[in-house]
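Asks: Just so you know, the sequences run in chain order D and W.
Sequential numbering of the first sequence, starting at 2, is according to this note's numbering.
Sequential numbering of the second sequence, starting at 33, is according to this note's numbering.
Hints listed in this document are in silico derivations from the structure and should not be mistaken for laboratory results.
Hints are supplied without guarantee of correctness; some may be wrong.
Stated by the list, open to error - Now the in silico label distances, taken between C-beta atoms and shown as ranges:
| no. | chain 1 | residue 1 | chain 2 | residue 2 | range |
| --- | --- | --- | --- | --- | --- |
| 1 | W | Ala108 | D | Leu503 | 35 to 45 Å |
| 2 | W | Lys90 | D | Arg139 | 29 to 39 Å |
| 3 | D | Ala538 | W | Asn276 | 26 to 36 Å |
| 4 | D | Ala269 | W | Ala202 | 50 to 60 Å |
To be verified - Not the full set, but computed from the structure, chain D residues with beta-carbon under 7 Å of chain W:
| no. | residue |
| --- | --- |
| 5 | Ala297 |
| 6 | Glu393 |
| 7 | Thr403 |
| 8 | Pro492 |
Just so you know, even glycine gets a beta-carbon here, dropped at the ideal spot from N, CA and C.
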Amino acid sequence: MSTTVVRAQSTRTSDSMLTGVGTLLRFALRRERVRMPVWIAALTSLTVSTVAGFPGLYPTAESRQSRAALMDTPAATAMSGPGFGLDDYTFGAMLANEMLGFLAIFVALMSVLMISRHTRHEEEQGRAELIKAGVVGRHASLTAALAVTVIANLLLAVVLTVVLGGLGIETITWGGSALFAVSLAMVGVVFAAAAAVSAQAFEHGRAASGMAGALIGIAFALRAAGDMGIDALSWLSPIGWAQRTKAYVDGTAWPLLLGLVVAGVLIAAAFVLSTRRDVGAGLLRPRPGAASASDALSTPVGFASRLHRGAVIGWTSALFLFGAMYGSLAAEVETFVEDNPAMQDFIRAMGSASFMQSWLASIMAMLAMVCSVFGVLVIARMRTEETAGRVEAVLSTALTRTKWVAGHLAVALCGGAVVMLASGLGLGLSAMASTGDSALLADLLGAALAYIPAVWLTTGIALMLFGLLPGAVHATWVVLGYGLFIGMLGPLLRLPSWLNNLSPFSHVPQLPAVEVEVTPLVLLTVVAAALVSAGLAAFRRRDIG
Amino acid sequence: MDDTTPAIAVTGLHKSFGRTRALDGLDLTVTRGEIHGFLGPNGSGKTTTIRVLLGLLKADSGTARLLGGDPWTDVASLHRRLAYVPGDVNLWPNLSGGEVIDLLGRLRGGLDTRRRDDLVERFDLDPRKKGRTYSKGNRQKVAIIAALSSRVDLLLLDEPTAGLDPLMEATFQTAIQEDRAQGRTVLLSSHILAEVEALCDRVSIIRNGKTVETGTLAELRHLTRTSITAELAGPADGLATLANVHDLEIEGSKVRFDVETAALDDALRQLTSIGVRSLVSQPPTLEELFLRHYTEETARGNGKATTS
Numbered sequence: 002m003s004t005t006v007v008r009a010q011s012t013r014t015s016d017s018m019l020t021g022v023g024t025l026l027r028f029a030l031r032r033e034r035v036r037m038p039v040w041i042a043a044l045t046s047l048t049v050s051t052v053a054g055f056p057g058l059y060p061t062a063e064s065r066q067s068r069a070a071l072m073d074t075p076a077a078t079a080m081s082g083p084g085f086g087l088d089d090y091t092f093g094a095m096l097a098n099e100m101l102g103f104l105a106i107f108v109a110l111m112s113v114l115m116i117s118r119h120t121r122h123e124e125e126q127g128r129a130e131l132i133k134a135g136v137v138g139r140h141a142s143l144t145a146a147l148a149v150t151v152i153a154n155l156l157l158a159v160v161l162t163v164v165l166g167g168l169g170i171e172t173i174t175w176g177g178s179a180l181f182a183v184s185l186a187m188v189g190v191v192f193a194a195a196a197a198v199s200a201q202a203f204e205h206g207r208a209a210s211g212m213a214g215a216l217i218g219i220a221f222a223l224r225a226a227g228d229m230g231i232d233a234l235s236w237l238s239p240i241g242w243a244q245r246t247k248a249y250v251d252g253t254a255w256p257l258l259l260g261l262v263v264a265g266v267l268i269a270a271a272f273v274l275s276t277r278r279d280v281g282a283g284l285l286r287p288r289p290g291a292a293s294a295s296d297a298l299s300t301p302v303g304f305a306s307r308l309h310r311g312a313v314i315g316w317t318s319a320l321f322l323f324g325a326m327y328g329s330l331a332a333e334v335e336t337f338v339e340d341n342p343a344m345q346d347f348i349r350a351m352g353s354a355s356f357m358q359s360w361l362a363s364i365m366a367m368l369a370m371v372c373s374v375f376g377v378l379v380i381a382r383m384r385t386e387e388t389a390g391r392v393e394a395v396l397s398t399a400l401t402r403t404k405w406v407a408g409h410l411a412v413a414l415c416g417g418a419v420v421m422l423a424s425g426l427g428l429g430l431s432a433m434a435s436t437g438d439s440a441l442l443a444d445l446l447g448a449a450l451a452y453i454p455a456v457w458l459t460t461g462i463a464l465m466l467f468g469l470l471p472g473a474v475h476a477t478w479v480v481l482g483y484g485l486f487i488g489m490l491g492p493l494l495r496l497p498s499w500l501n502n503l504s505p506f507s508h509v510p511q512l513p514a515v516e517v518e519v520t521p522l523v524l525l526t527v528v529a530a531a532l533v534s535a536g537l538a539a540f541r542r543r544d545i546g
Numbered sequence: 033m034d035d036t037t038p039a040i041a042v043t044g045l046h047k048s049f050g051r052t053r054a055l056d057g058l059d060l061t062v063t064r065g066e067i068h069g070f071l072g073p074n075g076s077g078k079t080t081t082i083r084v085l086l087g088l089l090k091a092d093s094g095t096a097r098l099l100g101g102d103p104w105t106d107v108a109s110l111h112r113r114l115a116y117v118p119g120d121v122n123l124w125p126n127l128s129g130g131e132v133i134d135l136l137g138r139l140r141g142g143l144d145t146r147r148r149d150d151l152v153e154r155f156d157l158d159p160r161k162k163g164r165t166y167s168k169g170n171r172q173k174v175a176i177i178a179a180l181s182s183r184v185d186l187l188l189l190d191e192p193t194a195g196l197d198p199l200m201e202a203t204f205q206t207a208i209q210e211d212r213a214q215g216r217t218v219l220l221s222s223h224i225l226a227e228v229e230a231l232c233d234r235v236s237i238i239r240n241g242k243t244v245e246t247g248t249l250a251e252l253r254h255l256t257r258t259s260i261t262a263e264l265a266g267p268a269d270g271l272a273t274l275a276n277v278h279d280l281e282i283e284g285s286k287v288r289f290d291v292e293t294a295a296l297d298d299a300l301r302q303l304t305s306i307g308v309r310s311l312v313s314q315p316p317t318l319e320e321l322f323l324r325h326y327t328e329e330t331a332r333g334n335g336k337a338t339t340s
């Protein structure tokens, strides 16, 4: 399939740690010839379509200033950015403040997935051996993986600069656009470097990219905390550095250097670590297993639970901590309001819900989207079991297809609920501790409970695709990406309600800020059940493999 | 279930993947209690057939009966009575070999733990190692032990010994013979001809998704050529005109040729009429038998179907 051929080195003397890196890089670029342009095109068009709407949505300085007032709240600060340029909220300031954090998550994801694909995943599949047995230096494949990811980020920066600058929108300047785009690329490169380190430590690609994914979550949470008042925390986050270039406001490039230095240190660490381990092995040694299977393992649910055990534990603890991290900021929100008399008037005008409650509701919504990832990953794992040929061995036993799916589905649905409740528990406990308001725990557990049907619905979409169009299981990520887009940018874009309603998360009552509504929750559950049934019915009829 | 119904009865099976025709009217009959060799070049449709028999693929047309049942609809009841060993065993990275053996056995509806422990020892497998750390041969052993220690009537083995060392290959053959003594039926797809020769009662050879030969090895031998080298008393006249004689070489009084085994009589009569000083007759080896079938395919320039 590949047209790339590893060429013999003409001069023996030139053999080094990096021999063959050029060939490997061309090979990696060829493998990315679809994915990379799709990521770049998707991120660019998302940015451009958002920005292009600004002049129509916010034609006057007054309308922009009222948007700025909305952004000067703890909830908005936690979700988007530190709010540079709120005094004179130009289109540029709006773009940098409200979109940079959102885009940074996806640029980081693109980079983490790319590194994982070209390093640990290759080793896991045994393909890396084929490459490393060739005339290839010890560091060549990691270098090629990093190079292809850096190239992707630089390309994104160039395309974004040209397209944003070329829009010709007032205050979206060429210089500002370049700084904005390069800041994003810096975030991508730092996370690529972090993923390269993580790929050395873990034996399985899943664990390695999971670790790097958790770092993205931590980086986002740190900047949220930092932007809400504890400024030093933002300086621990690459996303925080990107926002502190103050693109379009009073642009300053030096935070980019911080990113470069950290990326350099991480890359050096990855190279050192890579020389300390065997190909195919992690730094952490696997322990021997049991000689025979426990009774629990022999049931469909027990078997599926065992395969997903690590993920359930990892996700539950990560989301609990993630929730706790946000919950600890609840007191900040109160302080923020107390220090701001104008804000108190604003709240009084808004009615019943307290500011902190609406802040907690928006945090809950974000946590729910993160929790949904778990269920989708479980279903995607089923597809991996199928393509890796392991499902054949299982389905050639008396286990029916339905029972096999049911086992994994039980883990996806129950696990999704557990992860959701863990995030609510973490948020509730630490919000309670930080504010001393003991009612918050029950409120937030209730809020988490309300999101479970929406979490199940995304799992249902994944299962339906798995049954009907198994090759397209990963299209479920589009639904989650859309949910995040609506959640984070929907209000900014003033999208028509039907576009909002396309996201399953838009239908969940914003607890604890509003009253419980049961109907949408029942409907979401019904739709989830219908999707599951459709997927299952299709799976029973299709070919395996 | 009466024992007269064949264990496997497949007629006119068709299966296409897009434009690739994997099975093109395949027939296969495996009677109860026999070890049936299932042979064919790479990509000829062996694995596809087995996957249809396992109910993993739905055939486009044709009929397939397994132990008297329908492989697509009677999945659970049939699978309780069969075990499968894939040619490329892929294990779960976080499960140990012992766990996989137990898991697959129990999911089939029962595991003979004594046989399991016996086989683990005979195959010299460390059941505590995790899936990722096994070599290819050891991964195969895990699947073989899981299949052979299940209480089943039928074994579907798809190149089960690929990657086993010769010692383990011998262990495998002994174990399969024990299974035959128990009355189990085995469908064995294999490229290891010595294994086929040692184990199989009958074989079917398929090519491009069609069955081209079925029979005992003796019957198949009969269909192929015997090579004859002889030193004659006189000039080698009349041989060239004989039907069914191929690749004739004459060098003075020495001749060498291949003859269709069915026409051996005529050729020998011709030789004795000239007068024979010495004669070496070589029956076709299994290799030659298969190579003939396999190379005919290459000559036709086909072979696009892939093993799946």
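Asks: Each of the hints needs a verdict: does it hold here or not?
Replies: Quick rundown of the hints versus the structure:
At about 40 Å, the CB distance of alanine 108 of chain W to leucine 503 of chain D agrees with the hint of 35 to 45 Å. The supplied range of 29 to 39 Å is broken by lysine 90 of chain W and arginine 139 of chain D, whose beta-carbon atoms lie about 48 Å from each other. For alanine 538 of chain D and asparagine 276 of chain W, the Cβ-Cβ distance of about 58 Å falls outside the hinted range of 26 to 36 Å, so the restraint is violated. Remark: the range hint 50 to 60 Å for alanine 269 of chain D to alanine 202 of chain W is upheld by a beta-carbon distance near 53 Å.
Against a cut-off of 7 Å between C-beta atoms, the interface hint on alanine 297 of chain D is violated, since the closest Cβ of chain W lies about 11 Å away. Because the beta carbon of glutamate 393 of chain D sits about 6 Å from the nearest beta carbon in chain W, less than 7 Å, this interface hint is met. Taking 7 Å as the C-beta contact cut-off toward chain W, the hint placing threonine 403 of chain D at the interface is violated, the least distance being around 10 Å. Taking 7 Å as the C-beta contact cut-off toward chain W, the hint placing proline 492 of chain D at the interface is violated, the least distance being around 43 Å.
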